[in-house]
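Input sequences plus hints: build the corresponding full structure.
There are 2 protein chains.
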Amino acid sequence: MDRHLIAVEPATRPAMHEIMVAAVEEAGGTVVPIEQASALMFADPMAANAFRGILDPAPNVEWVQLPYAGIETFSHNLDTDRIWTCGKGVYAAPVAEWILTAVLASFRAIPRYVRATSWQSQEGRDLRGAKLAILGGGGITDAFMELTAAFECDVTVVRRRDTPYPGASRTMTTDHLHQAISDADAVIIALSLTEETTGIIDAAALAAMRSDAFLLNVGRGGHVVTADLVDALRNGVIQGAVLDVTDPEPLPDGHPLWHLDNCVITPHVGNTAEMGLPLIAGRVRDNVARWIAGDDLLGPVNVDLGY
Amino acid sequence: MDRHLIAVEPATRPAMHEIMVAAVEEAGGTVVPIEQASALMFADPMAANAFRGILDPAPNVEWVQLPYAGIETFSHNLDTDRIWTCGKGVYAAPVAEWILTAVLASFRAIPRYVRATSWQSQEGRDLRGAKLAILGGGGITDAFMELTAAFECDVTVVRRRDTPYPGASRTMTTDHLHQAISDADAVIIALSLTEETTGIIDAAALAAMRSDAFLLNVGRGGHVVTADLVDALRNGVIQGAVLDVTDPEPLPDGHPLWHLDNCVITPHVGNTAEMGLPLIAGRVRDNVARWIAGDDLLGPVNVDLGY
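Residue numbers (this note's numbering), protein chains in the order written: chain E, 222 to 528; chain F, 222 to 528.
It is worth saying that the hints were derived from the structure and are not from the lab.
If you're wondering where the values come from, they're calculated on a predicted model, not measured in any experiment.
Be aware that one or more of the hints could be misleading.
Since the list can't tell identical chains apart, any single copy or any two copies may satisfy a pair.
As the list claims (entries may be wrong) - Here are the computed lysine to any residue pairs in the SDA-like style, where the Cα-Cα straight-line distance is at most 20 angstroms: (1) 352 with 302; (2) 352 with 495; (3) 352 with 294; (4) 352 with 499; (5) 352 with 432.
Next comes the structure, spelled out in structure tokens:
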């Protein structure tokens, strides 16, 4: 099979399709119909239900590049006959900026000042030297650590494996979660959603946090038991939350989280479509070049782990 | 005159007085009444009107350490017979964090999301690679540049002198202000207030900015012509503003800036009293040690320039 021959489908999202076609060609590939292709660049993250219909008639496709970093909507459709890659890592920089925004806005009481219509009392906490607990030791954490190195924070990384995380003050495994988050100014969720991590922040975890701590979620809404968070925010168990992802998502009108002064919801903008397009295009370009050269691909999906 | 003998006055602000006394003693000094002192650590930034009454009966005082970085309230009382130092530089780190908070919150539309009670459309801009114009090339700018080096911004520093600012993409003098700010995503005021810089951001300067740009002021309220800013924010001349300082300050109830959705007022919290106390204490300790050793002092005030 000629590895230069690459399909980019579906075309339901013209901006992404166009930028992916350009990326394939920049990498030296030729865009062809899927029946002739050695690989598929899947060009619509919202079209997971079209996925098998596109792929099944194309047994020659040996490699599939998925868009986005989280692949929950695709994961039940992966098979072990092909190589799978996704966008993990490429979106890390904007998402790390979101985390920094959320932690600084929380520490500096920006939500309170946004709502103020009169001169307020002084409030604020420095990020420099603050204690942060980060759940997840992947690309987002890497990018966040790089951006914030100058702040000399005390960082605890909580991860599945007990491999020390480079640059962290300490690394702890998930079974010590409550201890790991108990002293943090901010607890940051930057995990993939798996069975193990679903609901990892529940009433007990929130109770383990400091009452002046903030919870920031840029992973998936399902990491947090929403009803428990509502209770914790209402009762001052923690000081506040900033959520870029919610469960349910989108958060419906009238949901109690919309009306808590100590909760800010951003609508899944860790990276926006506008920020993300050039980043996934760069991944496609890099990976097509690697595919043609026979090199290892970036962002491999572990089909068993589902991320 | 024995340089170990240091006065710390007035005692009207007990927390500051106490931490300054401790700092003098840590540096090897002895706290004495002002009549016996070689130097005065002025321990109440709000007591400028008590200043000459304390200092005039003490002709032996050769050096005065002022609190805070901005010394407008003291400047008409300085004389050329003594050495004057202030807190400039020491507050730079928290103030730089405020700037980063304000620029990230603006780029990520945090004020809009704070007010939202339903799922919003995606909005956001990356700081990485953004174009910033910073008015002022002092300690705050130094600290901000250090904190944000990893973001690889395109930074134009606007300053009085035409000395190139280290690390900036370009340095321009104040007489090219309008050109310097015309292409920036954010214009940051980090100046001292002098006659030359009062009202430097007026209707013409605002009109020179991009309509999707943000204005951030952490200098002094008087740098901005408030009425012109109100007009610019109302009419979409610029996208938004975050102000840590205002004119008048405190901003009175009912002022139009309180009711503009694209303006956030933070109540002079670039550094809070809580953040600032250990920082000025560190400056007192360093300078007393230098005074006793006969070394140059940190944070010298230029009496003629008034900062």
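Here is how each hint holds up against the structure:
Neither within a single protomer nor between protomers do residue 352 and residue 302 lie at most 20 angstroms apart by alpha-carbon distance, with minima of 44 angstroms and 47 angstroms respectively. For a Cα distance limit of 20 angstroms, the shortest separation of residue 352 from residue 495 across copies, 18 angstroms, qualifies, whereas the shortest one inside one copy, 32 angstroms, does not. Proximity of residue 352 and residue 294 under a CA criterion of 20 angstroms is satisfied in neither setting, with 34 angstroms inside one chain copy and 37 angstroms between copies. In this assembly of identical chains, the alpha carbons of residue 352 and residue 499 lie at most 20 angstroms apart only when taken from different copies (19 angstroms versus 33 angstroms within one copy).
When the C-alpha separation of residue 352 and residue 432 is checked against a cutoff of 20 angstroms, the pair qualifies only within one copy, where the shortest distance is 14 angstroms, while the shortest distance between copies is 38 angstroms.
When the structure is compared with the earlier hints, violations turn up for hints 1 and 3 and for no others.
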